[in-house]
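Protein chains in written order, with numbering that gives the first Met the number 0: chain A, 0 to 662; chain B, 0 to 662.
Hints listed in this document are in silico derivations from the structure and should not be mistaken for laboratory results. Certain hints may be false.
Said to hold, decoys possible - Lysine-lysine pairs mimicking DSSO-like chemistry, simulated, CA-CA at most 27 Å apart: (1) Lys-655/A with Lys-592/B; (2) Lys-277/A with Lys-98/A; (3) Lys-210/B with Lys-250/A; (4) Lys-655/B with Lys-592/A; (5) Lys-210/A with Lys-250/B.
Unchecked claim - Some residues of chain B that are not near chain A, with every Cβ distance over 10 Å (derived): (6) Gly-89; (7) Glu-95; (8) Tyr-298; (9) Glu-335; (10) Gly-350; (11) Lys-389; (12) Ser-391.
Every residue gets a Cβ at the ideal spot worked out from N, C-alpha and C, and that includes glycine.
Protein chains: 2
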Amino acid sequence: MASTSAAPEIDKDLMARLARTIRGLAIDGVEAADSGHPGMPLGCADLATVLWYHHLNANPADPGWKNRDRFVLSAGHGSMLLYALLHVAGYGLSLEDLKNFRQLESRTPGHPENFVTRGVETTTGPLGQGFANGVGMALSAHMMHARFPDLIDHFVYGIVSDGDLMEGVAAEAASFAGHHGLGRLIYLYDDNDITIEGETDLTFSGEDAGKRFEAYGWQVLRAHGHNVDAVNAALAEARGDLDRPTLIVCKTTIGFGSPNRSGTSGVHGSPLGAEETKLTKKALGLDPEKSFDVPAEDYAEWKRAAERVAELQKAWEAKLAAADEKTRAAFLAHYEQKLPDLKALRPASGGKAVATRKSAGAAENAYAAALPWLAGGSADLAPSTNTLIKGSDSVGAGSFGGRNIHWGVREHGMGGICNGVALHGAFRPFGATFLVFSDYMRPAIRLAALMGLPVVYVFTHDSIFLGEDGPTHQPVEHYAALRSIPGLSVIRPGDDEESFVAWEAALKRTDGPTALLLTRQNLPYLDRANAGLAAADGLERGGYVLRDCESDPKAILIATGSELHLALEAAKRIEGARVVSMPCVETFRAQPKEYRDAVLPPSCRKRVVIESGIRQGWHDIATDDGAFVTQETFGASAPAERLAERFGFTVENVVKTAQELLG
Amino acid sequence: MASTSAAPEIDKDLMARLARTIRGLAIDGVEAADSGHPGMPLGCADLATVLWYHHLNANPADPGWKNRDRFVLSAGHGSMLLYALLHVAGYGLSLEDLKNFRQLESRTPGHPENFVTRGVETTTGPLGQGFANGVGMALSAHMMHARFPDLIDHFVYGIVSDGDLMEGVAAEAASFAGHHGLGRLIYLYDDNDITIEGETDLTFSGEDAGKRFEAYGWQVLRAHGHNVDAVNAALAEARGDLDRPTLIVCKTTIGFGSPNRSGTSGVHGSPLGAEETKLTKKALGLDPEKSFDVPAEDYAEWKRAAERVAELQKAWEAKLAAADEKTRAAFLAHYEQKLPDLKALRPASGGKAVATRKSAGAAENAYAAALPWLAGGSADLAPSTNTLIKGSDSVGAGSFGGRNIHWGVREHGMGGICNGVALHGAFRPFGATFLVFSDYMRPAIRLAALMGLPVVYVFTHDSIFLGEDGPTHQPVEHYAALRSIPGLSVIRPGDDEESFVAWEAALKRTDGPTALLLTRQNLPYLDRANAGLAAADGLERGGYVLRDCESDPKAILIATGSELHLALEAAKRIEGARVVSMPCVETFRAQPKEYRDAVLPPSCRKRVVIESGIRQGWHDIATDDGAFVTQETFGASAPAERLAERFGFTVENVVKTAQELLG
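Sequences and hints are given; from them, build the entire structure.
In structure tokens, the structure reads:
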């Protein structure tokens, strides 16, 4: 499919002047901070200027415009390039902000943070992540275009570096983008032959990046990065192919303009210093005596560029207004993501033993039917993770109308792409795999938590009780490891009804990611009404009294997920034992002290925590007088029942542990 | 460089008979367990038989032979293929073992575990890891060949799957192998067009794997996986190019022989069932009434194959015996890895403020000079991690005599390759990056811990105090997350002398991996002798009393790494305060109770833990009566001093916290 975008006419002198100013600002920001990376902004100023001035349809006056082109600076260490562009382009980032580069509470942190700076589309810095985020934005754009062809037809642009391309997460995301034909994705590759340890030759140049991307199914173009005509033409040509993402390989000189340090690794991550700054400014035709200097003409020129886009947005607003009401409402619903009364949609308990991966799958399906903006899939484990949205199509090359995304065996790519989908704003993404493989995607989970993105992770096969696959597949440390990430909700439901509420909690959360930890194996049915157990809605507070004793508790059994039923059975044999279900300990810790003390009375310190993972992080709940039935070593390959005996996850052992405490 | 290995003559009928037996064993093992993956063994039996019978120079009678070819089953779910081969080839794995597939304490766990089963070279299952391990084995082989050309000239073979090739870790390792020209690496790619969710078409086939590997610099050959002549010829041709690793793309039919399920995703991970097992055996020409059936001729044939290799080993032993004594001793030293008195080699303290990344770099260099088998490098951060071995060459294409390995921006690949190097046994590998990027390589660290491999990780920039790079680069949860991995030693030294001892502890550990957590910023010099502080050797017990008070302690300040000096300064202002340095809490927990109680007397429960990470995992050390000066949120971009004030890492705040405890 060809688009009709011709290359705009450009004024090379103007581009050179604008780029020169940006180079000056980048140098000055790094010098003022005495910290930062001047090499990349100097090397990429030319191509970035052409892109931002002539091609990027983003409106500084309204950075939230839904059909704006997205720009991703995957090489986030080049943040001063982005800040300089945001300043001149009119995003409201002041010269004062630039002078405060890398200072506490400034709007110009060391790496771009989308939650700090207006106009920054994603938080980048950890290499390869921005690359994957852009793939997610483009995926979402294609999916929205399939639904609303008149309303979403934008592109996603980015600048990616050698380091990005070396990262596995970028390889996975590139493979996904190529296979899925994400033609709305266009990356400029800053091919400068330099990495931190020296020339890429040391470790990378044997590889032909262009050929690799062709193998992924990308369109690969080449343009010298300091030849603005060539970059301009390549960007237009890139848009001409809507069926393939495009990599434009741009040879650049790192630290361009620095007489003594351009083309060396020394200019990558260290300020130029006063002397070299002067020499560089002189070489670039800037006044060496001035800093943070922006000619008035530059502002006027960038205003003209902004006006061009403002017109585009105006036309788009008119189109949205002219759309029939149903279309408009459906379109906006994707961005508002309002929830109906989920409880009313909640599936009924089947009244029998079931794995939480199955009940969670039922809940996901029940809610997905009412939430057209919920989309996702599994890293090639859908039959095991139970995450397929029934009745919905697969998202595939040339067909973006469905909601089932096949991430492939690419957990890390999945995580990074989910972040991009969430950032794009039109879909709530979920990604599924076995819990043990959450390790593969951890850097992306961390960034979701840092950015506060409401991504949902469905992690099944959540304990040694997956059984025969053995220790390589059995999570043990993963509960603690995930809970350690600030801002990530980790929920491990203990029966079918808790699974339903867990999905609801994940959907209700809008300010950060949630991980659902689900069993492979069946768990007993808890007949809550007839057995005098509390309702599963208690999960919303993180932990709750599931089964109480007659008088003040003498002992408290605290359990999560597949160990909950052990606690219940054990409690029947221990006088004065209360059972607390604690599916989300972080949420519980955030409750008012009153509530926490009601669930875990300070007077009762004989507490047993039961969870098939390491105890790390549970000690404060158990207290110094508590005990643990936990899993401190790697598991083993065997049927689940044998593992339960071997590692002490039996009612008998829980009873024994509690009775030893009680003396 | 061409090698002279011609293709051996093969008997196609024999190959077919041997493969048929292996298929029968694989089916029977999975059926007996009622669990496992029959598809891959059925699909790969032909190519594996050719490889093992005619090409793999490994001696079942001596699986430890140093110049043996290595075999890596990266697609570890096909473990029954490997177990069947180990059985018939004579590795001492009995039919009884095969019948106990996936049972508790059997020698045939669900995925291959090198620490359980004789002849298994590495633990595989998590996709992509085996691929990277093989790269590490080949790297080590090339490095040994450069040093001892007459003694090490073996190859590394492996079977890799679609799933392996989709993983980023394999992409990184493949790029490394191609760039470094690891011609001793030969992988058979089981190209069966099927993954768990269905046909690879869903998510992968747009990509041309062969072309991608050519872009990485690999030799790419093609051979139909059921044509033993073609596989045989390709294996010989692969060895002909010693400068490039080889990928042999083998089209196979997953579940080959199963009339109703071959070529489908249904045969990947589920037993065939009784009915289809019979039909399959019939189709393959096996007796459907027999199970675990191995014709006597098969054993005789495989014995012949083993005799061929035993002759090779005999010749090799003669060569080793004939080598001059110096060469032989130097060769064996690589495998014995005996340590001299490290303390005697320990650098002297510089007597001034220094970053632990610098002092650790000095220690590494001091020890490396005496340990020719220590080799490693950084993931493109050597100037920052201070890990370069001075006076040693870079390991590069065609030049393997050095010890400085440039991993490139490939943390995960680095982790997986380090595991392979350690498994190969001739080098002690280390890998370095910023602590925050330990997340990128976590699956490989986990496998090092599970396998008990003595890999050393050098993680610098270990806290928010790296400063201006901001929260994307600032570890906060990583101390807890790493400590959660069973068997990983995490050491965070607090001054230059502790850095030296930390490296010694890492080198002394032979049964598992060690992570060194090191600062970017300078730490004050601790004048131990003159200030009445204990010697840094106390680190060997995990934690020790660094500075005691006159009488019984009223309060204990417990700190690690860059927070140790805060504890020391604060203690001067608190009456009765003891300072405990706790660089490795796992090691401390493993000490006898007596020692632990001497360091942390149970009578003194007013304890303050000071560490610039989340408190998770410290509560048992602090007790219910303790307090924390820790970092519970993500950091921020600013100079380190500003962050210290902002987040409370000041002497004042430590004093205040302790005094509040003391009331």
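Original post:
Regarding the assertion that Tyr-298/B does not contact chain A, is the least Cβ-Cβ distance greater than 10 Å?
Top reply: Non-interface label stands for Tyr-298/B: nearest chain A Cβ at 27 Å, farther than 10 Å.
Original post:
Taking only the CA atoms, is the gap from Lys-210/B to Lys-250/A under or equal to 27 Å?
Top reply: holds, 23 Å
Original post:
Just checking, Gly-350/B versus chain A, shortest CB gap more than 10 Å?
Top reply: At about 27 Å from chain A, Gly-350/B clears the 10 Å cut-off, so the statement holds.
**OP:** Decide, holds or violated, for the assertion that all CB atoms of chain A are farther than 10 Å from the CB of Lys-389/B.
**Re:** holds, 15 Å
Original post:
Checking the smallest CB distance to chain A, is Glu-335/B really beyond 10 Å?
Top reply: holds, 28 Å
Original post:
Is Ser-391/B truly not at the interface, in the sense that its beta carbon sits beyond 10 Å from all beta carbons of chain A?
Top reply: holds, 14 Å
Original post:
For Gly-89/B, is the shortest beta carbon distance to chain A beyond 10 Å?
Top reply: Fine: 24 Å to the nearest Cβ keeps Gly-89/B off the interface.
**OP:** Measure nothing beyond the straight line between the CA atoms of Lys-655/A and Lys-592/B; if it is 27 Å or shorter, mark the hint as holding.
**Re:** holds, 24 Å
Original post:
Hey, does Glu-95/B actually stay past 10 Å from chain A on C-beta?
Top reply: holds, 16 Å
Original post:
Can the restraint linking Lys-210/A and Lys-250/B be considered satisfied, given a maximum Cα separation of 27 Å?
Top reply: holds, 23 Å
**OP:** Measure nothing beyond the straight line between the CA atoms of Lys-277/A and Lys-98/A; if it is 27 Å or shorter, mark the hint as holding.
**Re:** Given pair Lys-277/A, Lys-98/A holds - Cα atoms ~18 Å apart, limit 27 Å.
Subject >> Holds or violated: Lys-655/B to Lys-592/A, with C-alpha atoms at most 27 Å apart >> reply: holds, 24 Å
In terms of the numbered hints stated before, the structure departs from none.
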